[in-house]
Each structure stands twice: as C-alpha cells, then as structure tokens.
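Produce the complete structure using the sequences and hints provided.
Protein sequence lines correspond, in order, to chains C and G.
Numbering follows our numbering, with no gaps: position 154 of the first sequence is 154.
The number in our numbering is simply the position in the second sequence, starting from 1, with 158 added.
Accuracy of the hints is not assured; some may be wrong.
[Stated by the list, open to error] Mimicking BS3-like on lysine-lysine, the simulated pairs with C-alpha atoms at most 30 angstroms apart in a straight line are:
{"hint": "1", "chain 1": "G", "residue 1": "K229", "chain 2": "C", "residue 2": "K90"}
{"hint": "2", "chain 1": "G", "residue 1": "K229", "chain 2": "C", "residue 2": "K131"}
{"hint": "3", "chain 1": "C", "residue 1": "K62", "chain 2": "C", "residue 2": "K90"}
{"hint": "4", "chain 1": "C", "residue 1": "K92", "chain 2": "G", "residue 2": "K266"}
{"hint": "5", "chain 1": "C", "residue 1": "K90", "chain 2": "C", "residue 2": "K57"}
{"hint": "6", "chain 1": "G", "residue 1": "K281", "chain 2": "C", "residue 2": "K62"}
[Unchecked claim] Just a sample of chain G residues kept apart from chain C, beta carbon distances all over 10 angstroms, derived:
{"hint": "7", "residue": "F181"}
{"hint": "8", "residue": "S211"}
{"hint": "9", "residue": "D212"}
{"hint": "10", "residue": "K229"}
{"hint": "11", "residue": "P237"}
{"hint": "12", "residue": "D247"}
{"hint": "13", "residue": "S257"}
{"hint": "14", "residue": "K269"}
{"hint": "15", "residue": "I278"}
{"hint": "16", "residue": "S282"}
[Said to hold, decoys possible] Just so you have them, the derived chain G footprint on chain C, three or more residues with Cβ under 8 angstroms:
{"hint": "17", "segment": "79 to 87"}
{"hint": "18", "segment": "139 to 153"}
Derived from the structure by calculation, the hints contain no laboratory data.
The structure displayed is predicted, hence computed values, not measured ones.
A virtual CB, placed ideally from N, CA and C, is assigned to each residue, including glycine.
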Amino acid sequence: MVASPPYTEIVDQRNFNYNFNFNNFSDSIKFFGDSNNNKTINNYQFALKDFNIALEKINSFKNLETNWDTYGALPITDIVINSSLTFLNKFKIIPDIFPTGRGSIQFEFEKSNGDYLEFEIFTDKINYYLKTNSIDIEEQLNPLNLDSILMTFNGTTE
Amino acid sequence: MELPNEINDEEFLYRRIINKPNFWKEELNRHTSAAFKQSNGLSVDRSNFRPESDVIDVYKNLEIKAVVNIKCQDCREIPTNPKHMPIPDNIFHSEIHNSNSEVNLTSKQIKILSEKSNPIWIKSDEI
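In structure tokens:
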C-alpha cells in the first residue's frame, strides 16, 4: 500500500500557474481549478475531511429556494456554486462559507483580534474585503494577487 | 396608521437572522455579515418606538435563529442611509441604503452594520 502524501503536498498539487490573461471570469476560475483534482481527492479523502465538508456545504446551497432568507432572496445559481467549488481549491485553511441574499457565496476568515478577510463569489467576479489594523481595502479580486492577500492576512499563503 | 417619513436617530432598526442555512458563528456567538447581504437595499423594520417585545413577537413564528437591532443614528454615522419604505403588508418596513444616491451597500458598510448590530433575541436562549 502506497503511503498517502501529507496534506500540504496534496494542496500544493492543486496550485498550478496558468498563463491566462484573465480577460473574463471563466479564465479566472480556471486558474483556481485543477482538472486532476477529483482523482487526487478520491485517493486521499481521509486527508481532506474539512475540504469535503466545505464542498458538501457549498453543494447544499443548490437546495435553497426563492425567499430562502425570508427577505425575497433568489436561489444561488449553478455558476456561483461551481465557481465557489473551484475557488475553494485555493485555500489550505477552509474558510467559513455562507450564501447571501444577493445571489453570491461568501468565504470569510475572522480572527479574535478583529482582522477580517472575506471573498464574495458572484456570477461574473470575485470581490474581496480585507481589514486589519493597517489595511482596509475592498475591490475586485485579481487571481494573481490572491497569495499576497492571504499572506497579508495570515502571514503565510495558507 | 401613518409613520413619520424620517426615521428618528433614536429609533432601532430590526433584522431577523434565519437558522437554515446557518448564519451563526458559534465561536463568536454572533452572525456573519453575509446575513446582511441582500439585492438592492437591506431590509429592516423600524421600531417607531414600539416595545421591543412587540417586534420580536412578529418574528418568533418564523424559522429564525435570532433578532438583531441597530440604532438608526449608528447607521447614519457609518455612513449609510436608512429610509422608511413601507410595503402593503408592513408599514414598518425600511431599507438601509449606501447613500442618498446609491442603493447597494459595500461589503465594508455591511460589515460595520453587522458589527454594530446587537442580538436582542436568540432562539432557545432569550436575552
């Protein structure tokens, strides 16, 4: 029986450098994805328990019906769900994940000291909001900047 | 019954937090800002100085986790723009907008609104 690689090695296999121009959102999502990911996850599921729980949570949002939030929210579209599933590949630490009443899915990290980072996945873009003691920025995510954003928040790219 | 068009600074604005899907962050014992994201303006109910219990009673029959409130003055100081916008079945309905000219709130505004809001009723754990 072949020993399974450590979790970090599995995650690193998913970090590919694509030479996209990011002229459109689908190119951006491809950057975060990995076509071999299913095989990797199936082989080493026990090492990706949290990741699979997050996948299930995102998939569960498919069941949200009109007015699911009691304020008239529409169902979350397949585009947003699929983009979120792909975007999740980029995170070594699994964020808190929530649907929103404006049709997006929100990934968020919040520290006890108040530092906060959220990503909001829409049908055509991903926005982020980062707040620390010294930074307060909200803008559309350039996929090439994701690692630096995570580094700023975490001190690592995890 | 007709309410004053302008919401008084001292009035509270109320929003319900549903329990499915779960918007509650147990480790912080409060809701995520995602619970305050909505297409167009953020729907709330103005108190018009009603007893808080009257507001909670309206929501209790719904599938909710909590009721939170925020003072109108706090909203304006962010700044955001609370507006009284009654609808046929709810004369207290109001919305919080980005500004006088823009409806959609930014994530920053929503985060601050969320942080300044206070849970006044949590299911199975009344305050």
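Hint-by-hint comparison with the structure:
1. Annotation: proposed proximity of K229 of chain G to K90 of chain C is violated, straight-line Cα distance about 39 angstroms (limit 30 angstroms).
2. Taken as a hint, the K229 of chain G and K131 of chain C pair is honoured in the structure, with Cα atoms around 24 angstroms apart against an allowance of 30 angstroms.
3. At roughly 22 angstroms between alpha-carbon atoms, K62 of chain C and K90 of chain C fall within 30 angstroms of each other, so this suggested pair holds.
4. Straight-line distance between C-alpha atoms of K92 of chain C and K266 of chain G comes to about 25 angstroms, which keeps the hinted pair within the 30 angstroms bound.
5. Distance restraint check for K90 of chain C and K57 of chain C: the Cα-Cα separation of roughly 17 angstroms lies within the 30 angstroms cut-off, and the hinted pair is therefore satisfied.
6. In summary, the hint linking K281 of chain G to K62 of chain C is supported, as the alpha carbons are separated by about 26 angstroms, within the 30 angstroms threshold.
7. Under the 10 angstroms C-beta cut-off, the non-interface status given to F181 of chain G relative to chain C is violated; the minimum distance is some 6 angstroms.
8. Interface exclusion of S211 of chain G from chain C stands, the closest Cβ pair being 20 angstroms apart, more than 10 angstroms.
9. With a cut of 10 angstroms on Cβ distances, D212 of chain G stays outside the contact zone with chain C, its closest approach being about 18 angstroms.
10. With a cut of 10 angstroms on Cβ distances, K229 of chain G stays outside the contact zone with chain C, its closest approach being about 21 angstroms.
11. Distance check for P237 of chain G against chain C: the nearest CB is about 15 angstroms away, which clears 10 angstroms, and the non-interface claim stands.
12. With a least beta-carbon separation of about 13 angstroms from chain C, D247 of chain G lies farther than 10 angstroms from that chain, consistent with its non-interface assignment.
13. With 10 angstroms as the threshold on Cβ separation, the claim that S257 of chain G sits away from chain C holds: the shortest Cβ distance comes to roughly 15 angstroms.
14. The beta carbon of K269 of chain G is not kept farther than 10 angstroms from every beta carbon of chain C, the shortest such distance being approximately 7 angstroms.
15. Taking the minimum C-beta to C-beta distance to chain C, about 17 angstroms, the non-interface status of I278 of chain G holds against the 10 angstroms cut.
16. No Cβ of chain C comes within 10 angstroms of the Cβ of S282 of chain G; the nearest lies about 19 angstroms off, and the non-interface call holds.
17. With a cut-off of 8 angstroms between beta carbons, the segment 79 to 87 of chain C has 0 residues touching chain G; three or more are needed, and the interface restraint is violated.
18. Requiring three or more residues with a Cβ within less than 8 angstroms of a Cβ of chain G, the coverage given for the segment 139 to 153 of chain C is violated, as only 0 such residues are present.
In summary, the structure is inconsistent with hints 1, 7, 14, 17, 18 from the numbered list given earlier, while agreeing with the others.
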